[in-house]
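Participant: When the letters of the sequence shown are read in order and numbered with the working numbering, they come out as residues 1 to 327.
For the record, the hints were derived by calculation from the structure and aren't laboratory data.
One or more of the hints may lead you astray.
Said to hold, decoys possible - Ranges between beta-carbon positions, derived for each pair:
id: 1; residue 1: VAL275; residue 2: ASN56; range: 18 to 26 Å
id: 2; residue 1: PRO114; residue 2: GLU67; range: 40 to 48 Å
id: 3; residue 1: THR314; residue 2: ARG86; range: 32 to 40 Å
id: 4; residue 1: GLU253; residue 2: ASP136; range: 19 to 27 Å
id: 5; residue 1: GLU253; residue 2: ASN56; range: 34 to 42 Å
id: 6; residue 1: ALA100; residue 2: VAL288; range: 44 to 52 Å
id: 7; residue 1: LEU271; residue 2: ASP136; range: 32 to 40 Å
id: 8; residue 1: GLY217; residue 2: LEU237; range: 24 to 32 Å
id: 9; residue 1: VAL275; residue 2: SER24; range: 22 to 30 Å
id: 10; residue 1: LYS21; residue 2: LYS315; range: 52 to 60 Å
id: 11; residue 1: PRO188; residue 2: SER24; range: 50 to 58 Å
id: 12; residue 1: ALA96; residue 2: GLU285; range: 18 to 26 Å
id: 13; residue 1: GLN307; residue 2: ALA20; range: 52 to 60 Å
As the list claims (entries may be wrong) - Simulated pairs of lysine-lysine, DSS-like, Cα-Cα distance not exceeding 30 Å:
id: 14; residue 1: LYS21; residue 2: LYS273
id: 15; residue 1: LYS221; residue 2: LYS94
id: 16; residue 1: LYS244; residue 2: LYS273
id: 17; residue 1: LYS244; residue 2: LYS286
id: 18; residue 1: LYS273; residue 2: LYS221
id: 19; residue 1: LYS223; residue 2: LYS250
id: 20; residue 1: LYS280; residue 2: LYS221
id: 21; residue 1: LYS250; residue 2: LYS280
id: 22; residue 1: LYS221; residue 2: LYS250
id: 23; residue 1: LYS315; residue 2: LYS280
id: 24; residue 1: LYS273; residue 2: LYS26
id: 25; residue 1: LYS221; residue 2: LYS315
id: 26; residue 1: LYS250; residue 2: LYS26
id: 27; residue 1: LYS286; residue 2: LYS223
id: 28; residue 1: LYS244; residue 2: LYS315
id: 29; residue 1: LYS273; residue 2: LYS286
Ideal Cβ placement from N, Cα and C applies to all residues, glycine included.
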Amino acid sequence: KEGINTLVLQQWTSQGLRLAKDASVKHILHQTQGGPCGVLAPTQAFMLKHLIFNANFGGDLGSVTAEECGRALRAGLCETMWRAGRYESACLVKVASAEAEGRLRESIGRLEGPACSSDALATIFQGSLLTQRFSDRRAFLQEVGDGLVALESNFGVLLVLLSILVSRGIESVQEDRDDPSQPLVTSPFGHASQEIVNLFLSGRAATNVFDGDMDMGQDYKLKGIASRSQVGFLTLLESLNYMKVGSHLKEPEYPVWVLGSESHYTVLFSLDKAVQDESKRAKREKEVRRIFDAYDNSGGGGFIDQQSFGEVLTKARCALSLDDQAL
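Start from the sequences and build out the full structure, keeping to the hints where you can.
Facilitator: In structure tokens, the structure reads:
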């Protein structure tokens, strides 16, 4: 085994969950390390959802207070973890004490070489972390709020990631994925996988971003997004035909999207829910596309069987002219 990349480990143990200090952007989470944006971006997205689409929001992000940002961050973290726990429970992973945090920082700083073994890493963290499980959502929300200051430490983003993974359950996370042998954080740059992003967005660590699961035959399915999300996802890679984003993520409940590129995640949002309103024509086109896609067994390639053509037209309520029928 190659082991765990030392530089990646140092990246993920040097990134706190901190809001920017500049008053003009105090609603923005500050990223200092490459890699953890796969946690920061969805956390930022859900924070904005709770900050903007709140009855007390005055319409100007520049006028929000630090207290309002903190409450929105608390609500966003609680929502993502509670969803991952199937709306039944959630977990918080914490560093046991200030002394334990100091020992962790010192041990990680002493690591030498390009990689360390899983056993060595387990030894470093052994006895230094505590896990709390909550079955009462209000108690969990309160605990998340009380722990925001601790998440500002260099271990903050890693603790958020561990918390949502444990909330979902490690076995469930592995079952969610197409290939559980692949790492959730990839070398050499420490990027979070799409599965981590999807876990925050949908509560399931699915590998893909299309709607539902795709049956590939022989009892094998590619796993996608099961239902419409609260916060969405868009990616540059779709324009390059590397992946297909389904409507569950493209058209979320709120106009907030995590944006993906080849090497970074960021956030796009609107203050107005009306930006998602569709024209009558757009709704009709979407209906026809949905019916067509249901018969497309080419993996999204845009092809259907000739035998299915008539059934697609019937379900889509597309009338044929006499000349078309002659064809």
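Participant: Among the hints numbered above, which are violated by the structure, and what are their numbers in rising order?
Facilitator: Result: hints 5, 6, 11, 12, 15, 18 and 20 break, sorted rising.
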